[in-house]
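Below, each chain spelled out in residue letters.
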Amino acid sequence: MDLAKYTALFLEEATEHLSEMGRCLLVLEKAPDDGDAIDEVFRFAHGIKGMAASLEMDSITELSHALEDLMDQYRASGRVDPVVGVPLLFQGLDGLERMVAVVRETGAAPPLDEALTALIQEAVGTGEPPKKV
Amino acid sequence: MKTVLIADDASFMRQMIRDIIEPEGYEVVGEASDGVEVVEKFRELHPDLVMMDIVMPKRSGIDAVKAIKADDPTASVVMCSALGQETLVMEAIQAGAKDFIVKPFKPDSVVGTLAKVVEKAE
Numbered sequence: 589m590d591l592a593k594y595t596a597l598f599l600e601e602a603t604e605h606l607s608e609m610g611r612c613l614l615v616l617e618k619a620p621d622d623g624d625a626i627d628e629v630f631r632f633a634h635g636i637k638g639m640a641a642s643l644e645m646d647s648i649t650e651l652s653h654a655l656e657d658l659m660d661q662y663r664a665s666g667r668v669d670p671v672v673g674v675p676l677l678f679q680g681l682d683g684l685e686r687m688v689a690v691v692r693e694t695g696a697a698p699p700l701d702e703a704l705t706a707l708i709q710e711a712v713g714t715g716e717p718p719k720k721v
Numbered sequence: 020m021k022t023v024l025i026a027d028d029a030s031f032m033r034q035m036i037r038d039i040i041e042p043e044g045y046e047v048v049g050e051a052s053d054g055v056e057v058v059e060k061f062r063e064l065h066p067d068l069v070m071m072d073i074v075m076p077k078r079s080g081i082d083a084v085k086a087i088k089a090d091d092p093t094a095s096v097v098m099c100s101a102l103g104q105e106t107l108v109m110e111a112i113q114a115g116a117k118d119f120i121v122k123p124f125k126p127d128s129v130v131g132t133l134a135k136v137v138e139k140a141e
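Chains as they are written, first to last, in my numbering: chain L, 589 to 721; chain G, 20 to 141.
Each hint can be trusted.
List time: in silico DSS-like cross-link candidates among lysine-lysine, alpha-carbon distance up to 27 angstroms:
no.	chain 1	residue 1	chain 2	residue 2
1	G	Lys88	G	Lys21
2	G	Lys139	G	Lys125
3	G	Lys135	G	Lys85
4	G	Lys77	L	Lys618
5	L	Lys593	G	Lys125
6	G	Lys139	G	Lys21
Which bits of chain G does chain L cover? Going by a derived footprint, with three or more residues having C-beta under 8 angstroms, they are:
no.	stretch
7	22–34
8	120–132
What the hints contain is simulated information worked out from the structure, not anything from laboratory work. By construction, the Cβ of each residue, glycine as well, lies at the ideal position given by its N, Cα and C atoms.
Chain L extracted, bound-state conformation (with noise of 0.2 angstroms):
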């Protein structure tokens, strides 16, 4: 593989989807039950997650896998939790680009964020939203 040339592909496609996704979650902001939004934040996820398992960058496959699998929930529900969930989800969005941030300064993925990603899996596991933001 040639790993320069997926890498230049994959900074080029998560940020647009990254910049993509803040737009939905700005939408999600003020109509939480807006499907489009919640749809296109789930193939977002879903999309960076795909490219970053091929580049094996675990922590971001990580990250990205555990937004997907919580969109999928709001996706069954067809509502984002306005006060808890929206916000979870930015902080999620933060994270993916602050580790996007370092692929495009040195070419590897950071280490996992792990107080951030069981945030995001301990909502998903439990069907509700974590009392703690």
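Position chain G against the provided structure of chain L, taking the given hints into account.
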């Protein structure tokens, strides 16, 4: 030479599939980035194989398989899935997809799956 249409919303994935299958003698005749475009390009290009992502904008890969199979019941579609999408893969197979490959792609598995689908179609 077998012709292939690749459908995935990520150019990263389309490029990766292309890099795996072109050295094996497949000709990529088109790419699509959503579930509407892949149906349109299938009608235009009549490829021997379609490699179809499941999660795409505008129309899901499963809906696109149904549309393609309604047009051409003999069409050979291979789904590109991720771990955890087993239920969706089964739905796609029931809709007429011939087989599936799992991301992240393993080149040997991709090539072996395509060869098997081509052999069955002949």
